[in-house]
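**Q** Sequence:
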Amino acid sequence: MYKTITALVCVAALAASAQNMPKAAALPPEALKMREAYLAELTKIAGEYDAALLPMAENYLLELRGLAIRLTGLKDTTGTESARKEAARFMKALGNDPDPFETVPELPDDVLVDVPSALRLTQQEYAARRTAADLLRNEKVIALADKYISGLDRLVAHFEQANQTQQAAASKKEATRMRVAMQRKDFANRAFEEAGAKYRLVPPMPDIANLKERAAEPEPIVQKLSALSLVDLPAVIQAYLMKPLEYDKDWPPEITKWRYEGAGNYSHDFSLYNLPGMPDELGIFAYPKTMRAYVRGTVRHSTLNFDNKAVSWLGKGMSWRLNDSRDLVCKIIYRTKRPALKEDNGPAACVAVYSIDESDRLIASMSVPMLEEETQVRVAKHYSYNRLNIVWEGSKRKRGFTIPNHMPMRVVVGVVGYAPGEEIDATIEIVPCGPLGDMW
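Going left to right, the sequence shown walks through residues 7 to 446 as our numbering numbers them.
No lab work stands behind these hints: they were computed from the structure. Please read these numbers as outputs of a predicted model, since none were measured by experiment. Hints should not be assumed to be uniformly reliable.
[Said to hold, decoys possible] Result set (EDC-like, lysine to aspartate or glutamate): computed pairs, CA atoms no more than 16 Å apart in a straight line:
no., residue 1, residue 2
1, Lys179, Asp159
2, Lys50, Glu145
3, Lys337, Glu428
4, Lys204, Glu47
5, Lys204, Asp254
6, Lys204, Asp56
7, Lys98, Glu267
8, Lys146, Glu267
9, Lys348, Glu379
10, Lys343, Asp366
11, Lys249, Asp140
12, Lys153, Asp56
13, Lys295, Glu267
14, Lys50, Asp140
15, Lys343, Asp256
16, Lys50, Glu199
17, Lys249, Asp159
18, Lys295, Glu145
19, Lys191, Glu267
20, Lys337, Glu435
21, Lys178, Glu166
22, Lys39, Asp159
23, Lys178, Asp159
24, Lys179, Glu36
25, Lys348, Glu428
Let's have the full structure, built from the sequences with the hints guiding it.
**A** In structure tokens:
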């Protein structure tokens, strides 16, 4: 009797499992072949994701090493020791059992440091790089599933035209199953489970000998940065640019109404932006989807003649259009691993506001030295009054301007260099911020 009950329980469990699993065997040969290709591609995506993890971990350790060397040169013994401890902690975390509920198991939020700020920035960049890799992996799965469904839809139309009703019904059922599955937030993970494709939760342990060889290699030179595609940029910059813009979807901020116009040459001397014949310095890659940009290059000139004016502090900026000046409320965050040594050296963070209806008349601008790894500038147009404030939070510098109300505006944010030979490697990020009364 016991054996009979056990057998019945097993049969019931197998029946329930069969109901939950996709009935691939019931598909016609054409659809079955398409499904096999779909599952094989899922395995390939998981493999590509695993292969990308080790270089990310190696780059992070090399960045920590470079940071420790730089802090040693600045005689920051505490910061140097913090960077070395983080490298040791990271290596140990790679060997532990990962927590599947952590977004980045080897670098959870509770290990982020407050000081030195350069170390925290390095940690955040690694976490962003790992998160971006996860997002890219999931996007590939969704695109693959869409392609699979489109193929099934074409098969359904073919079978119906050939009056093959059973084959059409089976293919349509599979397409419907896929559409329902894609509505789940964890669809990508379930797709991998269905294909039996497992991916790593943390990178494998780096080879220290290989790291020493890579540390001795010179950094690759990036040419014509503005013309590169996203995949040609350094991995850490890819991750930074692709990190989704975070805001309250039920109460979206004003910056979601902005429209990206483009990127071009910029000078902070007269707040000149993208005028014909302007000197071309540095390179910029803008990623409008997340309102971020990357500026990199070596300054070639200190002062050049342009439009009968001696123009210096040359660089690049990106431009955004606002249909209503009341939407001009934002914070611009500039980050660099090569901060300025003093105020009359580069790089510098720039913001300029133009009135579009008045022939792009410059009505407000501010340029501040990037003396730290992170520089923040806030811009706030009073909702009711014709008043705009630009604030540099580093030294509490605040400048007020009279600005037209209900008028279309153009906002240009950029990074410029000062002297020949200066190396610029900086990012720009536009994020929501509070209203005028919340300025400090």
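**Q** Hint by hint, say whether it matches the structure.
**A** Hint-by-hint comparison with the structure:
no. : hint            : in the structure
1   : Lys179 - Asp159 : holds (10 Å)
2   : Lys50 - Glu145  : holds (14 Å)
3   : Lys337 - Glu428 : violated (26 Å)
4   : Lys204 - Glu47  : holds (13 Å)
5   : Lys204 - Asp254 : violated (33 Å)
6   : Lys204 - Asp56  : holds (9 Å)
7   : Lys98 - Glu267  : violated (46 Å)
8   : Lys146 - Glu267 : violated (28 Å)
9   : Lys348 - Glu379 : holds (13 Å)
10  : Lys343 - Asp366 : violated (33 Å)
11  : Lys249 - Asp140 : holds (11 Å)
12  : Lys153 - Asp56  : violated (23 Å)
13  : Lys295 - Glu267 : holds (12 Å)
14  : Lys50 - Asp140  : holds (15 Å)
15  : Lys343 - Asp256 : violated (36 Å)
16  : Lys50 - Glu199  : holds (14 Å)
17  : Lys249 - Asp159 : violated (33 Å)
18  : Lys295 - Glu145 : holds (15 Å)
19  : Lys191 - Glu267 : violated (33 Å)
20  : Lys337 - Glu435 : holds (8 Å)
21  : Lys178 - Glu166 : holds (10 Å)
22  : Lys39 - Asp159  : holds (14 Å)
23  : Lys178 - Asp159 : holds (7 Å)
24  : Lys179 - Glu36  : holds (14 Å)
25  : Lys348 - Glu428 : holds (13 Å)
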